[in-house]
Structures are given as structure tokens and as C-alpha cells.
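Undergrad: Required output: the full structure, derived from the provided sequences and hints.
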Amino acid sequence: MRITSQAVATRSVDRLNARYAGLERASRDASTGRRIHTVSDDPAAMNRVMALTAAGRMRDQEVKAASDAITWLNTADTTLQTAMSRLQRVRQLGVSGASTLPADQREVLAVELRSIQNELVNLANTRHNGRPLFGGTSDGAAVTGGGTAFTYSGDNGQVMRRVGPDDMVKINVTAQDAFFFTAPPGFSDNVFALVEDMAAAIESGDTARASAGLDALDTAMSQISRQLTTVGAQTNHIEAAQMRTADLAAALSTERSDLQDVDIADAILRLRSQETAYETALSAVARSLPPNLASFLR
Amino acid sequence: MFQGLQSALTGIRAGQVGLDTATNNVANASTPGYTRQRVDLASRSPWQSVSGKIGQGVDVTSISRMREGFLDSRARVTGAAAGFATARSGLLTQTEALLGEPDAGIQQSMLGMFDAFDELALDPSNIALRDNVVASFDALGGRIRSVATTWSQLADAGRTRMDSALVEANQLLGRVDELNRHIAAAGSSPSNSALDERDLLLDRLSSALGVTTQVRSNGMVDVSLDGERLVETSVNPVRTLSYDTTAGVIIDGTGTPVSAGGEVGGIHAFVADDLPTVRAQLDELALNIRDAVNTINAGGSAAEPGGTAWTDGGPPLLAATSAADFGLAAGVDGSDVATAALGNHALHDATNVLRFAALRDQNPPGLGAPPLDDRLRSMVVGLGNTTADAVARSDTQTALFTNATAARQAGHGVNLDEEMVSLVQHQRALEAVSRAMTAIDEALNTLINRTGLVGR
Chain A
59 MRITSQAVAT
69 RSVDRLNARY
79 AGLERASRDA
89 STGRRIHTVS
99 DDPAAMNRVM
109 ALTAAGRMRD
119 QEVKAASDAI
129 TWLNTADTTL
139 QTAMSRLQRV
149 RQLGVSGAST
159 LPADQREVLA
169 VELRSIQNEL
179 VNLANTRHNG
189 RPLFGGTSDG
199 AAVTGGGTAF
209 TYSGDNGQVM
219 RRVGPDDMVK
229 INVTAQDAFF
239 FTAPPGFSDN
249 VFALVEDMAA
259 AIESGDTARA
269 SAGLDALDTA
279 MSQISRQLTT
289 VGAQTNHIEA
299 AQMRTADLAA
309 ALSTERSDLQ
319 DVDIADAILR
329 LRSQETAYET
339 ALSAVARSLP
349 PNLASFLR
Chain B
221 MFQGLQSALT
231 GIRAGQVGLD
241 TATNNVANAS
251 TPGYTRQRVD
261 LASRSPWQSV
271 SGKIGQGVDV
281 TSISRMREGF
291 LDSRARVTGA
301 AAGFATARSG
311 LLTQTEALLG
321 EPDAGIQQSM
331 LGMFDAFDEL
341 ALDPSNIALR
351 DNVVASFDAL
361 GGRIRSVATT
371 WSQLADAGRT
381 RMDSALVEAN
391 QLLGRVDELN
401 RHIAAAGSSP
411 SNSALDERDL
421 LLDRLSSALG
431 VTTQVRSNGM
441 VDVSLDGERL
451 VETSVNPVRT
461 LSYDTTAGVI
471 IDGTGTPVSA
481 GGEVGGIHAF
491 VADDLPTVRA
501 QLDELALNIR
511 DAVNTINAGG
521 SAAEPGGTAW
531 TDGGPPLLAA
541 TSAADFGLAA
551 GVDGSDVATA
561 ALGNHALHDA
571 TNVLRFAALR
581 DQNPPGLGAP
591 PLDDRLRSMV
601 VGLGNTTADA
611 VARSDTQTAL
621 FTNATAARQA
631 GHGVNLDEEM
641 VSLVQHQRAL
651 EAVSRAMTAI
661 DEALNTLINR
671 TGLVGR
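Note that the protein sequences, when read in sequence, are chains A and B. For the first sequence, our numbering gives the first residue as 59, with consecutive numbering after it. For the second sequence, our numbering gives the first residue as 221, with consecutive numbering after it.
Among the hints, a few may not be true.
What the hints assert, rightly or not - Ranges between beta-carbon positions, derived for each pair:
(1) B:A612 - A:T133: 40 to 50 Å
(2) B:Q434 - A:A323: 57 to 67 Å
(3) B:Q582 - A:G203: 40 to 50 Å
(4) A:E82 - B:S654: 53 to 63 Å
(5) A:T312 - B:E288: 58 to 68 Å
(6) B:G527 - A:A207: 21 to 31 Å
Source of the hints: derived by calculation from the structure; they are not laboratory data. For clarity, every value in this text was computed on a predicted model and none was experimentally measured. Each residue gets a CB set at the ideal place from its N, CA and C atoms; glycine is no exception.
TA: So this is what it looks like as C-alpha cells:
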């Protein structure tokens, strides 16, 4: 075979370029920590990487929504617990009022009951992050009125949170659910008016009505207690979902890393071997371009 | 006796020509397109002497080029294929880089939009979060527009490159025509440097256009592209080429479109085929996003801050006729984002926001499967596959071209060792012939000056 210096030069430069490209690739992989840099490096893997990125971002938002939902539910729980403890006090006062007392003492009981009524209305109108906690999706007060005439002014809107893949949860309890109930005979249909009923009965010395009111109060308390159970169950559900979603997010990011990232030990090893290969190619080329016959003819 | 002197003279001449040719080869060892030359020698016809036929020395019949047509045609065919594949893959790689996936591409902006929906779903009355949704539309619009614009610029740059490549090719065609005339005029002994130059021009024409060549008996070369003869010296004048945005490469005058190979063909394949395909997908994606978002917004109610006024059926939020003008509709702000269910004027109702948020992984309303993110990915991965394929082909073709080039250089190029040997050989021959001349001269000297003096 005939060989000329130009042919040797062309082939040598070509081989050097190939080696240099290999070295560049290995060094890029090692320095960026990525195995694939553009879609065309590995379209199938990049398709998966992009799908995993999108799914990961979705899981992140679900974890955030779950945290928000838990804050919301905790506020609802605290508020309803407070309402329960105030009703316990109403019950104590009702028991005292159910026995025959002098007028001035009955007056003291009635005053305290009316102040508790006020507290309860305020609890029902609690706002969380600038919106009524028990008012559905409306913006105004959840409960309006005074004396024995109270109405629910919110709506039946549901506050929904997506806390996991295909896991949409309703997190709100309305004042309608918690504080309104089927009216016991002779009494009002809501907690606030019921407290006023009690206050009025004790004030007027009607012990029979006051003691009947205690039964009505039990209905009210069991209504709130049911809602507390619902809130507690939702909190448990969402906490579990949040953990699961966070686990899923971690699994997605692991899989993405497996597809996209290099094994560092492997990358370093490849960089080393590419370096050696390049140096070998350089020295081989240096030897294959020797001085020609002209140097030896005298 | 005298004949011997003549023979020695031809030997000296042949030696000189041999030395000159070898020196010229050495001098041109690195000249692009140079073909090594060889002195062809033939012995002169003998004359009839009394004692028999005696040779009359040596003739330099020609100085020939050591060129093989097969090596040339292989290098040109692979050169055209490599020019095509390299130009196309280079442009596709740039197209992909301009798309910026996966880290700085449309997907990140689109996920930003979905995140804005999810955040608004937590507090739909919050005007800052609604403004954030509008800002995310703007960011997505900016990203898509920038991809569309830079792609158009890339296509423009490709067309400019094609124009200048064709201007150069036209000059080359003219030069080939000119050389054809010189070579034909020189008849049977054309100048080797003219032939080398013409071969070099044909190489450049092949890698630029993918032309085919045909040698005629008078030494002229016809150059054809896609069956159309561009150079047909002394039959037709040279036909030049130009680029037409609709028809592609056309022949000036007749306007006949021709399918070019080589670099021009590669750029044309990209500008006329690859880019429009992916650009149409980008346009469709932009229109899909516009339709999905506007449909959902029209299906809800939008509130002024604080719920002071309501609009049933939110206005279009996005406007686009293609990816190039995709963006916010005029005058849109956060209060135009419909958050509540249609007709439900509840400030904290997030029903419609949840429909927006569902765009992340559900089929967009009115468009059917698949979801927007899948549509984006199928475009990105489609381009990725095309690019990967083009790059692989370019690598293969370039390797083949390098091989063919090296094979041709091995066949046509100058081997310095060979030339050194040939220099020494001719030098020695020259010395030997000189020695022969001296011998004849001394014999003649004896004959002329010493004849009759023997024994005196």
C-alpha cells in the first residue's frame, strides 16, 4: 500500500480529533455531573426525564397544598375545641341556673351567658388567612344576627385541596354544619340563640325551661363534636397523603437522577482513561510523522 | 562514435527532466490538489550500423499525472454526502440548542404557569397570586416567542449561507468552463497544473452542491446537477444557479428547480423541511395553550379585587395567531382571571382555578388527549430524534469522507521518500551518463590526436 505524508497527516488529525472529542465529552460529563445534556444525546431518556420533572413539580405543589390544608384544619380544630369548652361553661351555668336562686345571682349568670354567646359568634366568624373559616367560599361573616335570631350567611362552597395524585380533599366545615341543628322542642335551632334562650330562662327564674335547655345544649355539643371528629379524620388523611406524596417526589427525583446524572466514580474513571488515550494518540502521531529519507541521505 | 555522444546527451537531458520533476514533486508535497508527476521515458528507435542495430538514447515522452478517476469519484461522492449531512446536522443541533430543553426551555415556563395555578388555588381571592398567574402567562409567551424568533433567524442565516454558497459555486462553474477551454486548446499535452486546478474546483463543487461530472474525449469536463448540464463547454454557455425561497435552488434564466446535494442541499433540507415541521408543531402548541386557557377562563366568573364587580365568563387571557406572537391578550390583568364557577359570585371559590390547575396532567378542555405537557414533550423529543439521527449520519459520512480523502491522498499525493529515491536515482544516472561521455571523449581524443603516432 502506498502511503504519503498528506494521507498520514489527514488520518492522524482525524484520529486526534476523535480522541479529543472523547476527552471533551468525558470532561463535560465529569464537570457537569450529567450524562445527557441535550435531548438528542438520548431522546428516549430525555423524554422520561422531562415527564419526571413535570410529575416532580406536581408532587411539590401537592405537598405544599397539604401543608396549607393541615394549617387550615388545625385552626378549625382549635376554634371548635374552644367553642366546646365555652359550651361546657354554658352547661355549668345552666346547671346552676336550673335551681332556685335569688334574682341578683340569676342576673350574674345571664350576663356571663350573654358574653359567652358573643364569644361563640366571634368564634364562628373566625378568619383564616383573610377568609372566613366556617363561611364556605363567601367573603362576609359566616353568622349574622343577634338575640335569638341568627342566620348562616355563608355559602355551601367547598374548599378543596389536591394533596396527592388523584387525591382531592374537602377541608372546610361550615358554621351551618357546626353550629346549626334541628331545633329541640321549644328552643332555637342554633348554638348562639340557644345560649340566649338559656340566659332568658335563667333571668326569668324559669328553672324547668333552664333544665330542659341543658338537653338542647347536649344536642348542640354533640353536633360540634361530630365536626371535630371529621376535622381530625381529615387531618390524619392529609398527613398520611403528605408523607406519601413526599416519598413519591423523592422516588421521582431518584429515578430522574439515575437517568440523567453520571456515576461520579465512573465519570472520573472515564475521564482518566480518555486522558490516557488522548496522550497515547498524541505520542503515536508524533512518532508517525518522522523525519524522511532526506535526513539520512548524505 | 558520434552517435554515442548523442545518446549520452539524451541521457543527460532525461536526467535533468527527472531531477526537475522530482524537485517539483517535493516542492508541492503539501499543495492542496497537487497530483504527483512522473517522467515517462522511452528508448529511441535504433539505427542500422554495419554490425547491427544500435540504440540512439532515450526520449522523454511525457510528464504524466498519477491520477485515478475512481479515487476522485469516491472522494467527491462521499464529500457531497458529508457536506449535506454536516450542514443539516449543524443547523438541527442549533435548533435544538435554541429550544433550550430541558433546563432553560418551554417546559420550565409551562411548569411555572402550572405552579402559579396551584398557588392561586390555595387562595383564589388573593390579587397578588392572580397577578402572578398573569405574569406566568407572560413568561411562557416570552419563552415561546423567543424560540420562534431565533428559529426564524436561524432559517434566515441558512438562506444567506445558501445564497453566498451559490454565488461561489457560480464562480467555480465559470472557472471550470474557462479551464475546459485551456485544456482542450492544449490538445494532447495539457498542462498538469490546469488539470489539478480543475479537479480541485470539481471537489469544491461536489461538496457544495453534489454535482456529477463526465469527461469528454477532448479532455473537457461536463458538470451536471440533478440531470441538468450546468457546464457544457463549447456546446452551451455556463448556466448559473440561484436560490428561490419557494422553489429552492433554480437554474437562472429557465427557473428550472434542481435538487442539490452537498452543503447547499443540507441547508435546503433544513430550511424547507426540518425547520417548518418542528415550527408547525410549536405553532400548534402555542394555539393549544391559548385555546385551553381561554376556554377555561370563559367557563368561570372573574371578580374585581374585593369582589366589588363580577364578570361572568372571563375574557380571553391569551392571544396568538402563531408561536411568533403568542402572549397576553391586550389589557389583561389579574382581575381578568376567572377563579369562581360560572355565575357563582363567591370570592373564595376556587372551582375554576382547579380547572386551570388540572391542565397540568389532564386533557385540555375541547382539545382531547393528550395533556399540554405531553404535547410539548412529543415536539421536543421529535426534534431530539431528528437531530440525533442527523448527527449520527453526519459522523458516519464525515468518517467515510475522511477515509476517501486519505485514500486519494495516498494514491495521488507525494511520498517524500519515493521522491528522495528518485532524486538520487536521477542524480546517479546523470553522473553515469557524464562518465560515459568522458569515456567517448577520451576515445575520440586518442583516435584524433594519436592516430598515426604509434611507434614514432
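Undergrad: The structure should be examined with respect to each hint, and the outcome stated for every one.
TA: Checked hints:
no. : hint                        : verdict
1   : B:A612 - A:T133: 40 to 50 Å : violated (60 Å)
2   : B:Q434 - A:A323: 57 to 67 Å : holds (59 Å)
3   : B:Q582 - A:G203: 40 to 50 Å : holds (43 Å)
4   : A:E82 - B:S654: 53 to 63 Å  : holds (60 Å)
5   : A:T312 - B:E288: 58 to 68 Å : holds (60 Å)
6   : B:G527 - A:A207: 21 to 31 Å : holds (26 Å)
When held up to the earlier numbered hints, the structure conflicts with hint 1 and nothing else.
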